[in-house]
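Peer 1: So the chains spell out like this:
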Amino acid sequence: MFYLALSSDRPDFNPESLTPRFMLWQPAIWLLDLRPVWPYWCHQAGISGHKIQTNDQESLHAFLRQAISLLAGEGVRAVMDASPWRALMGLEVMRERGLDGFVFGHNPIGRNLVNEASWDIWFRLADEVASHWFGCGRERFNLQGFRRQAHQMEQGMERLGIRNPAALVEMPALAIRRRYGAALHDLWLWTANLHGDDESNLSIFPWVLWRQQESIQVKRHLDTPLLEWEHIETVLRDDVDRLCAQLDKQGVGRVLSLEWRVVFLDLSCLVIPIRFRHPHDLPAESPHHRTALLQACYAFEDAIPAAMGAAVDLGLYEKAIGSWELLVTEKIILPPILRDLFGSIMDSGEDRLQELENRLPVPLNAYEVTSNWIPEDGYCLRNPGNSSDTTTELMRTDDVRHPSLQALGRRRPLFVYPKPRVCPQPANHSRAWTFCERIMDKWWRSGIASSQGSMQRDYYMMRDEDERAVWVFKDGSGKWYVHGMYN
Amino acid sequence: MVQESTPKIPQYIADIMAQHGVRAGTAVVQKTSDPTRFFSGNSALDEFLEGGLASGAVSEWGMPAGQGAREIVLSIVGRVTAAEMLVLWVNGQDGLEVYPPAWSARGVDLRFIRFATAKKPIELLKPVFLEPLFRLVVLDSPKNLSGEEWAFMARQARAMEVHVMVLQNFFLSGRRGNIWARLRVNCRQRSNGVRGDGWQLEAVRGTARQPLDLRAIAM
Numbered sequence: 001m002f003y004l005a006l007s008s009d010r011p012d013f014n015p016e017s018l019t020p021r022f023m024l025w026q027p028a029i030w031l032l033d034l035r036p037v038w039p040y041w042c043h044q045a046g047i048s049g050h051k052i053q054t055n056d057q058e059s060l061h062a063f064l065r066q067a068i069s070l071l072a073g074e075g076v077r078a079v080m081d082a083s084p085w086r087a088l089m090g091l092e093v094m095r096e097r098g099l100d101g102f103v104f105g106h107n108p109i110g111r112n113l114v115n116e117a118s119w120d121i122w123f124r125l126a127d128e129v130a131s132h133w134f135g136c137g138r139e140r141f142n143l144q145g146f147r148r149q150a151h152q153m154e155q156g157m158e159r160l161g162i163r164n165p166a167a168l169v170e171m172p173a174l175a176i177r178r179r180y181g182a183a184l185h186d187l188w189l190w191t192a193n194l195h196g197d198d199e200s201n202l203s204i205f206p207w208v209l210w211r212q213q214e215s216i217q218v219k220r221h222l223d224t225p226l227l228e229w230e231h232i233e234t235v236l237r238d239d240v241d242r243l244c245a246q247l248d249k250q251g252v253g254r255v256l257s258l259e260w261r262v263v264f265l266d267l268s269c270l271v272i273p274i275r276f277r278h279p280h281d282l283p284a285e286s287p288h289h290r291t292a293l294l295q296a297c298y299a300f301e302d303a304i305p306a307a308m309g310a311a312v313d314l315g316l317y318e319k320a321i322g323s324w325e326l327l328v329t330e331k332i333i334l335p336p337i338l339r340d341l342f343g344s345i346m347d348s349g350e351d352r353l354q355e356l357e358n359r360l361p362v363p364l365n366a367y368e369v370t371s372n373w374i375p376e377d378g379y380c381l382r383n384p385g386n387s388s389d390t391t392t393e394l395m396r397t398d399d400v401r402h403p404s405l406q407a408l409g410r411r412r413p414l415f416v417y418p419k420p421r422v423c424p425q426p427a428n429h430s431r432a433w434t435f436c437e438r439i440m441d442k443w444w445r446s447g448i449a450s451s452q453g454s455m456q457r458d459y460y461m462m463r464d465e466d467e468r469a470v471w472v473f474k475d476g477s478g479k480w481y482v483h484g485m486y487n
Numbered sequence: 001m002v003q004e005s006t007p008k009i010p011q012y013i014a015d016i017m018a019q020h021g022v023r024a025g026t027a028v029v030q031k032t033s034d035p036t037r038f039f040s041g042n043s044a045l046d047e048f049l050e051g052g053l054a055s056g057a058v059s060e061w062g063m064p065a066g067q068g069a070r071e072i073v074l075s076i077v078g079r080v081t082a083a084e085m086l087v088l089w090v091n092g093q094d095g096l097e098v099y100p101p102a103w104s105a106r107g108v109d110l111r112f113i114r115f116a117t118a119k120k121p122i123e124l125l126k127p128v129f130l131e132p133l134f135r136l137v138v139l140d141s142p143k144n145l146s147g148e149e150w151a152f153m154a155r156q157a158r159a160m161e162v163h164v165m166v167l168q169n170f171f172l173s174g175r176r177g178n179i180w181a182r183l184r185v186n187c188r189q190r191s192n193g194v195r196g197d198g199w200q201l202e203a204v205r206g207t208a209r210q211p212l213d214l215r216a217i218a219m
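So the protein sequences, as listed, match chains A and B.
For what it's worth, this note's numbering labels the leading residue of the first sequence as 1, then goes sequentially.
For what it's worth, this note's numbering labels the leading residue of the second sequence as 1, then goes sequentially.
Calculated from the structure, these hints are not laboratory results.
Being a predicted model, the structure only gives us computed values, none of them experimental.
Some clues are possibly wrong.
[Unchecked claim] Calculated lysine-lysine pairs in the DSBU-like style (CA-CA distance at most 35 Å, straight line):
| id | chain 1 | residue 1 | chain 2 | residue 2 |
| --- | --- | --- | --- | --- |
| 1 | A | K419 | B | K119 |
| 2 | A | K419 | B | K143 |
| 3 | A | K474 | B | K119 |
| 4 | A | K474 | B | K126 |
| 5 | B | K126 | A | K419 |
| 6 | B | K119 | A | K479 |
| 7 | B | K143 | A | K219 |
| 8 | B | K126 | A | K249 |
| 9 | A | K479 | B | K126 |
[Said to hold, decoys possible] Cβ pair distances, simulated, as ranges:
| id | chain 1 | residue 1 | chain 2 | residue 2 | range |
| --- | --- | --- | --- | --- | --- |
| 10 | B | A159 | A | I374 | 53 to 59 Å |
| 11 | A | A407 | B | K143 | 32 to 38 Å |
| 12 | A | R177 | B | K143 | 49 to 55 Å |
| 13 | B | Q210 | A | Q425 | 23 to 29 Å |
| 14 | A | Q425 | B | I179 | 31 to 37 Å |
Glycine is no exception: its CB is placed at the ideal position from the N, C-alpha and C atoms.
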């Protein structure tokens with residue numbers, strides 16, 4: 001549930017208070033993508049992970065409802081859903097009925113809103129999407145052709161007497177594609193949610209990110225060309241400080257990413273992205289800017305060797321840096337009204353763990369166990385910040401499956417291979433084998449039912465040729481795999 | 001509880017010894033604050049470790065792959081997370097990832113443990129050692145730690161009152177010493193069929209205890 005469709009008449013409403021990724025869908029209608037900042041808001045709401053328990057979900061809903069009311073006014077209309085398309089549909093239904101408030105798409109109210117959307121709303125939204133596709137330059141897309149096909153589809157639905165899109169949800173998307181073309185097929189996929197919230201499906205959504213007219217940036221022309229990080233760091237520190245001065249003018253902000261555009265003496269250009277895992281309070285670290293410079297150093301060490309290697313060998317000096325631009329590409333602004341309300345949470349200082357993660361080149365992952373017996377699906381990242389399978393359920397201690405899954409977990413190894421590795425059939429040493437468990441894969445998942453032989457897995461603990469205890473399984477077709485090791 | 005036998009030494013000598021991280025015999029140098037020990041919950045193991053692992057120190061463990069010896073470490077990690085202290089596990093094993101449900105089933109509270117992947121942990125995770133955020137840091141199979149890296153770890157562990165456990169994929173040798181690790185222990189599986197029947201812990205350095213036969217840790 002990361003997409004928020006919001007309608008607000010407040011002229012001073014700034015979606016950048018919630019996320020750096022948003023677009024102006026229509027006048028006074030904003031579409032926000034909360035994925036980059038989801039862990040941050042979950043943390044501020046005092047809960048962890050987007051896969052949250054019932055009571056925590058209510059806390060998060062209450063938090064977001066309060067925050068949005070403060071920012072957008074009491075008369076705000078907002079729908080939050082796992083798909084931007086469904087969020088927009090829900091919002092249109094609310095507008096049509098004159099409803100205000102904040103609705104979550106996965107609640108019964110939210111689901112009903114989307115299900116009750118009429119064909120008028122559907123085709124109106126489809127036309128808006130088409131306009132954005134045309135503006136983005138979608139490949140092989142013809143706006144007039146689309147409108148013709150949409151009109152044919154509208155007439156078809158009227159002739160068939162189909163009341164609204166929800167009544168046709170069983171219609172395969174391929175049938176829509178054959179009759180009305182690829183673009184309407186894509187819209188139908190989103191409507192019928194045929195692939196859940198598959199990211200590959202949503203990748204064709206026409207995001208036109210809002211860009212501030214005045215970007216926060218500093219430029220630097222070096223008196224002496226620089227090559228080594230030790231020399232670059234001192235100068236870059238000053239520039240980060242200059243950026244902070246501009247940030248301060250816009251109000252308190254948290255930075256998610258910077259872009260460092262480096263120009264070499266041979267006038268070639270290299271863009272080095274500098275990303276923070278969590279929204280980072282850049283001005284708070286003035287003047288040392290340890291976190292920003294650490295991330296800049298990691299990005300520099302990753303990017304520069306490739307750039308040097310690709311250079312024409314005119315001599316090393318030509319690949320020295322002559323100038324650069326440093327700009328803020330993603331940030332959120334925290335207005336006083338939000339800080340005042342949640343002062344007890346926000347002013348207690350940034351979470352030390354998030355601050356530490358911002359200084360590291362690798363993430364510090366935390367996990368949660370799910371109520372799933374398939375080993376690969378048995379856990380998920382805590383606070384993933386990305387959309388994932390919404391059918392995943394976290395394990396709760398009062399779940400009736402908890403004791404069985406705990407017993408399974410005790411027999412499984414601490415370390416596994418991300419993908420089971422095919423191995424030759426082990427020699428049959430009866431002393432070296434222990435049967436562990438038999439599991440069946442989820443036959444109802446598409447693609448698996450057709451290969452029934454591979455659905456069953458018989459797991460064993462055995463000793464390999466190096467006398468290491470490994471976790472292997474044989475699938476229904478007789479193939480053997482190594483899945484883990486008892487280290 | 002730590003059982004200490006503190007010999008009578010003048011305080012100024014004790015201070016100098018503390019500065020150099022030197023212990024006197026079986027004594028534990030008194031610190032101004034209570035030292036934190038990390039226990040496993042297994043009395044035989046805790047006695048072998050002379051009252052658990054001390055904070056502010058580094059230990060090295062010889063645990064080759066496929067022997068299940070990391071279950072011993074998990075008994076300590078589980079107790080630390082149960083006390084709501086943060087643990088960092090840095091995995092340097094080739095190709096293998098942690099399987100969290102198995103950790104949870106063995107008593108580790110996943111809310112208080114973080115996992116990172118790094119073969120060169122000191123190089124990549126230096127900021128971690130500059131903060132007292134994680135009370136226990138486990139470096140699992142790091143690649144070729146240099147003397148400077150060991151020295152840095154030991155110094156920072158002392159300064160931050162953190163315990164760092166380094167798990168090696170080979171058995172430790174007394175011939176090739178390591179002055180930075182206060183405790184060095186080899187864990188050999190007592191083989192009995194595929195499951196094994198526990199482990200034998202043998203101290204290479206740091207404890208005068210006899211080798212310990214440890215049964216499989218009950219979870």
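Peer 1: Taking the hints in turn, state whether each one holds.
Peer 2: Verification of the hints:
{"no.": "1", "hint": "K419(A) / K119(B)", "in the structure": "holds (20 Å)"}
{"no.": "2", "hint": "K419(A) / K143(B)", "in the structure": "holds (24 Å)"}
{"no.": "3", "hint": "K474(A) / K119(B)", "in the structure": "holds (31 Å)"}
{"no.": "4", "hint": "K474(A) / K126(B)", "in the structure": "violated (42 Å)"}
{"no.": "5", "hint": "K126(B) / K419(A)", "in the structure": "holds (30 Å)"}
{"no.": "6", "hint": "K119(B) / K479(A)", "in the structure": "holds (32 Å)"}
{"no.": "7", "hint": "K143(B) / K219(A)", "in the structure": "violated (41 Å)"}
{"no.": "8", "hint": "K126(B) / K249(A)", "in the structure": "holds (34 Å)"}
{"no.": "9", "hint": "K479(A) / K126(B)", "in the structure": "violated (44 Å)"}
{"no.": "10", "hint": "A159(B) / I374(A): 53 to 59 Å", "in the structure": "violated (45 Å)"}
{"no.": "11", "hint": "A407(A) / K143(B): 32 to 38 Å", "in the structure": "holds (36 Å)"}
{"no.": "12", "hint": "R177(A) / K143(B): 49 to 55 Å", "in the structure": "holds (52 Å)"}
{"no.": "13", "hint": "Q210(B) / Q425(A): 23 to 29 Å", "in the structure": "violated (44 Å)"}
{"no.": "14", "hint": "Q425(A) / I179(B): 31 to 37 Å", "in the structure": "violated (48 Å)"}
When the structure is compared with the earlier hints, violations turn up for hints 4, 7, 9, 10, 13 and 14 and for no others.
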